[in-house]
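J.: Here's the letter readout for the chains.
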Amino acid sequence: MHLLEAYALTAGCKVNHPHIHLEEIELPKNKYITFHGFSPKGPSKQYNKWEMVLRMLSLDEGFDYDIIQIGGSNDAKYEYANHNYLGKTNYHSLAYLIKNAELHLGFDSLPVHLASHFDRKIVAIYPWYAQNCGPYFSDPNDIVILEPDFSIFKPCFNVIDKFDMINTIEVSDIYEAVIDLMGK
Amino acid sequence: MDQQQQLNAINEQIKNDTGKKLLYIVPESAGDIFLATSLLMSMHSLYPEFKIYFACKPEYKELLKNNVYIHKVLDYMPIMESAAHMEGIGDWKGLFDISIMGTVLTQRHINYWHNGLSRLAFDIKE
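So the protein lines, in turn, are chains Y and V.
For the first sequence, our numbering begins at 1 and goes up steadily by one.
For the second sequence, our numbering begins at 1 and goes up steadily by one.
Hint data in this document are derived by calculation from the structure and do not stem from the laboratory.
What you are looking at is a predicted structure, and each value in this text was computed from that prediction instead of being measured.
Just to be clear, a hint being listed does not mean it is correct.
Said to hold, decoys possible - Far from chain V, by Cβ distances over 10 Å, these chain Y residues were calculated: (1) 75; (2) 83; (3) 113.
Claimed, not checked - Derived pair list, reagent style BS3-like, types lysine-lysine, alpha-carbon separation capped at 30 Å: (4) 61(V) <-> 93(V); (5) 125(V) <-> 99(Y); (6) 14(Y) <-> 72(V); (7) 65(V) <-> 31(Y).
Ideal Cβ positions, reconstructed from N, Cα and C, are used throughout, including at glycine.
With the hints as extra help, turn the sequences into a complete structure.
T.: Pasting the structure below:
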C-alpha cells in the first residue's frame, strides 16, 4: 500500500492531485534534467555512485541536456552536474524548476513526488519498496523505478541500512533508464 | 511544554474562530505533507461546513502556502496526537470537532509495508 493510500484510508478521503505554490526563478537556457543525489537524512538512501552515473550521461553524445543539481546548501556537490542549485531554491521555486525539467533523477524524497505531480519523466532509486512511497501520480510509461533485489535481505526502512542495499543498484541500470526515457 | 501549556497554545490560535473545526495532523516530512495535500479537496467536500486546520512542524509550514482548503496552518504539538484531548472526553469539551492523525499508519503504528504486495479492493483516487 502506498503511504498516500494509508493517509486516505485514515482520513476517509479520496486522493486528488496535491498542491504546491509555484514561484518563478530563472531557468537554465538549455533543456535540463533535475538531479537530487545527496541524502541528508542518513546513509540508507545515499547512493555512492551517482558521480559515475552523471559522468556516463555527460559523455554520452546523444544526451543533450544540462544536469541541474538540487538540494540543500550543505549537500555534497557533484562534479558532473552542469548547474549547482544547492541552497538556491525554496519549496516553491524548486517546484517551478522541476515542473520545467525534462526528467527528474534521484531517490526517495520530495522532488520525486513533485516530478510525479507535474507528470515529468522520472528515474528514481529506492532502498525499500517503491510501492509504498514511489511516484504516485505518474504514468507508468514515464518512470523507471529501481530497487535492490530483496530476495535475500528485506528492506531496512530506516536511516541506517547495515546491508547498504541501495548501493547494490547498478550504475548502468540508472544510466540506461535515463537514456531510454529521454529517447521516448 | 507540558500538556496544559500545549492545549493553551493551540487554543490561543483558534479561540476566535467560530463554526466547526477539523484538525488534520501530518507532523513531517516534506514529501508526506506535500502528498497529504492531495486529500484536502476531498476532505473539504466531505466536511464543507468545517474549517480545516493543518498541523505540521514549523519547518514545513511553507509547503502549505496559498492552499485554499486550509483555514489555518498550526504548529504541530505532540498532544495533537491524542484524540481525547483534541475532540474531548468526559467533561473536557476538546478543541476541535474532528481530529485526524494522518500519519498514524505510516509513522506511529506502521501498517502499510506488506512487502510491497498489498492491493486495494476499491478505487481510492477521485
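J.: Name the hints, by number, that the structure is in violation of.
T.: Going through the list in order, the structure violates hint 3 alone and respects the others.
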